[in-house]
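Let chain S serve as the given structure and place chain F with the ligands on it in line with the hints.
These are the residues of each chain, in order.
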Amino acid sequence: MTRAKTFVGGTYPAHNKDRTKAQPIALAPVPEVLIYPLCQHIGAPCEPLVAVGDRVLRGQKIADSTAKICAPIHSSVSGKVIAIEPRPHPNGQSTMAIVVENDGLDETVAPFVEPKGLDELSPAEIVEIVREAGIVGLGGAAFPTHFKLVPPPHAKIEMVILNGAECEPYLTCDHRTMVEKPELVVQGLRILMKALGVNQGYIGVEVNKPDAIAALSSACAAYSGIQVVPLQVKYPQGSEAQLIKAVTGRELPAKKLPADVGVIVNNVGTAAAVAEAVQTGLPLMERVVTISGSMVERPQNLLVRIGTTFGDLLTECGLKGQPGKIINGGPMMGMTVGTIDVPVTKGVTGILALSEAESCQLEVGPCIRCGRCVDVCPMFLLPVFLGQFAERGMLDKAEEYHILDCQECGCCSYVCPARRPLVQNIRLAKSGVLAKRHQ
Amino acid sequence: MDSSKLLMSSSPHQFHRDNTSRIMLEVLMALAPAAVLAVFFFGVRALWIMLVSIAAAVGTEALIQKLTGRPITISDCSAAITGLLLAFSVPASLPLWMVAIGAAIAIAIGKAVFGGLGHNPFNPALVGRAVLLASWPAQMTAWVEPFTFLTTATPLAALGLESAQTSYGALFLGAVPGSLGETSALAIIAGGLYLLWRKIIDWRIPAGYIGTVAIFTWIFGGEGLCGGDPLFHVLSGAVLLAAFFMATDMVTSPVTKLGRLIMGIGCGLITSVIRLWGAYPEGVTYAVLIMNALTPLIDRYTQPRRFGGVTR
Ligand code: SF4
Ligand code: SF4
Chain S
51 MTRAKTFVGG
61 TYPAHNKDRT
71 KAQPIALAPV
81 PEVLIYPLCQ
91 HIGAPCEPLV
101 AVGDRVLRGQ
111 KIADSTAKIC
121 APIHSSVSGK
131 VIAIEPRPHP
141 NGQSTMAIVV
151 ENDGLDETVA
161 PFVEPKGLDE
171 LSPAEIVEIV
181 REAGIVGLGG
191 AAFPTHFKLV
201 PPPHAKIEMV
211 ILNGAECEPY
221 LTCDHRTMVE
231 KPELVVQGLR
241 ILMKALGVNQ
251 GYIGVEVNKP
261 DAIAALSSAC
271 AAYSGIQVVP
281 LQVKYPQGSE
291 AQLIKAVTGR
301 ELPAKKLPAD
311 VGVIVNNVGT
321 AAAVAEAVQT
331 GLPLMERVVT
341 ISGSMVERPQ
351 NLLVRIGTTF
361 GDLLTECGLK
371 GQPGKIINGG
381 PMMGMTVGTI
391 DVPVTKGVTG
401 ILALSEAESC
411 QLEVGPCIRC
421 GRCVDVCPMF
431 LLPVFLGQFA
441 ERGMLDKAEE
451 YHILDCQECG
461 CCSYVCPARR
471 PLVQNIRLAK
481 SGVLAKRHQ
Chain F
187 MDSSKLLMSS
197 SPHQFHRDNT
207 SRIMLEVLMA
217 LAPAAVLAVF
227 FFGVRALWIM
237 LVSIAAAVGT
247 EALIQKLTGR
257 PITISDCSAA
267 ITGLLLAFSV
277 PASLPLWMVA
287 IGAAIAIAIG
297 KAVFGGLGHN
307 PFNPALVGRA
317 VLLASWPAQM
327 TAWVEPFTFL
337 TTATPLAALG
347 LESAQTSYGA
357 LFLGAVPGSL
367 GETSALAIIA
377 GGLYLLWRKI
387 IDWRIPAGYI
397 GTVAIFTWIF
407 GGEGLCGGDP
417 LFHVLSGAVL
427 LAAFFMATDM
437 VTSPVTKLGR
447 LIMGIGCGLI
457 TSVIRLWGAY
467 PEGVTYAVLI
477 MNALTPLIDR
487 YTQPRRFGGV
497 TR
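Going down the list, the protein sequences come from chains S and F.
Using this note's numbering, the letters of the first sequence correspond one by one to residues 51 to 489.
Using this note's numbering, the letters of the second sequence correspond one by one to residues 187 to 498.
Misleading hints may appear alongside valid ones.
Said to hold, decoys possible - Here are the simulated SDA-like pairs of lysine to any residue, each with C-alpha atoms no more than 20 Å apart in a straight line:
#1 S:K111 to S:V163
#2 F:K385 to S:G59
#3 F:K191 to S:G388
#4 S:K305 to F:K191
I should point out that these hints are in silico values taken from the structure, not numbers from a laboratory.
This is chain S alone, in the form it adopts within the complex:
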């Protein structure tokens, strides 16, 4: 095997993956009530296609929109719509959601397309299937996948990269997917490649997942042009710009899209979902979620119906006591939630319950100018100064120091020995800078 590739900068948080990485994905119980927020993706929210009292089938489209950047939403059970009202969203806000009561019958709609072999599918058909299936980036970003498959005309796409880095600590949902369904991942990659008309495909996987690398390597052995790329274990290896750098050596220019350097990146889970949709003609209704953290009794990966609440899953896995924090996503970029009544949306990769000791408010000290934040910043920024400018409201200065290039990976806050809330302040200042621009 060639030397594992990587990028410059970054850091090495403890993986905390051991408790879940070796266990097979289990089926989560299907709850009685499921909640479908109308916006589960980046882009315009959907409009409901059903009304309170309607019966819906499993796989039925219940919300959609004509907006370009949007993905329709489907019911993951059969049952009755009991409410369309604001409900807490895992991103912290309260948004309109369709609430469905499960009748336990799992009566499923007919496939929305006839399943076809890859050779018979045209790129346009693939894009349409991906859109109709409501597939979004399952790595957490939740960007509508069909939109990525129609790159701007000036971009010359050369390759598809699948992101199997899974650099966030605790999370192993992609790891298990790669180990258990390598053929599906590779099939998904081939479909994406066909949609984009390219013949180069790469799957980047951190070397702490040798079983995933082995499984994928044998699954793609039969196909020329597809290659597994071992990556060094380093955070944020799975960040788009850093992944592209590691795999291709190309540096994504500031404010540009991967398409501008000829690359389309998708998560491995997304690829598997695409393959499944093409094979079954059914939409995205479930995803793998890692439930872990020191307060979880039986940490594991569950195949979860979209709309299941965090509470349902934490009950299934058992809580050891009162958690101090519950996180939607991983510990580096995930967000805390204030209630466990939030549902799993398409972008939820993990649910972590941390202990009160792990969650105490950290005592912030003065910056000792150690420069560690500068050393780790994968965007080569100076977080120490960005943080200061942000704190003092010096937005022009912050912009001059390229605050908008910060991708909020959190490496700087992670290493800061004074525990300065660097990303937190940078994030606020970034929105300040953007707001000022729009004026």
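Structure of chain F with the ligands alone, referenced to chain S:
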């Protein structure tokens, strides 16, 4: 489970184990070998100087914080480091009350007036030393021989006076006259390597500093060009102490990688120039202080090219 007890906070939710006090504690540990050797060479008196200096530094910090109503932060060990570094840079014969005054000044004028830890532009220990040197030049250069306590000149000063060369072996182990902590190259290098290994200091500063002194004194330090004695210059005086422990002080050195290299090279150049052509036999104090003053400028002009900042 009670949702109201859930803490809401911004990411990240996992942190590196190093925190400020831990880093400072490790710096103290790295200074320990030199402290032990100082006691070995200069006896109990060295111990007293170190204790008085640390006590005065820590006491001054606590007192000022109490008077100004700020939280007392002496447990972060940063004042103790200042005290120990100051003790390392005075001769064993210095009266203890002068040591105490130097340490108090180091903290009060070198650190507290700027707002405490992280805000001081100059290395506090060197501020203390500079003030002592200006106030009591005679006592500050009254070097004593190790073991015998006879007054003598340091190897560096001796170089200026006669041509009495001190052996490399003596310089390396530290059995030479000089300040408490600057005599033994062995102990300083051991501590410095520890800090490098623990990634607490950046190799660029000591490498830039020592490398520059070696090259510069080799080229210009002897008769004609390239006839100098770089090893003597590196091993003698406070070059190693400053290169590993003073110029690397995080608060007062640049945060960028290139900036740190410039810091090291700048310190090396100024030290060499003062040594070879200046009025003082030793130049590290002013070298580091001058580079401290330039640090904000260096940071400003050594901003790394940002990722994706390619011109296309
Ligand atoms: S890591 Fe923290 S203490 Fe160190 S320079 Fe950055 S902000 Fe300052
Ligand atoms: S400044 Fe932004 S990009 Fe750089 S380490 Fe911090 S969060 Fe990451």
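Structure-based check of all given hints:
no., hint, result
1, S:K111 to S:V163, "holds, 14 Å"
2, F:K385 to S:G59, "holds, 14 Å"
3, F:K191 to S:G388, "holds, 9 Å"
4, S:K305 to F:K191, "violated, 40 Å"
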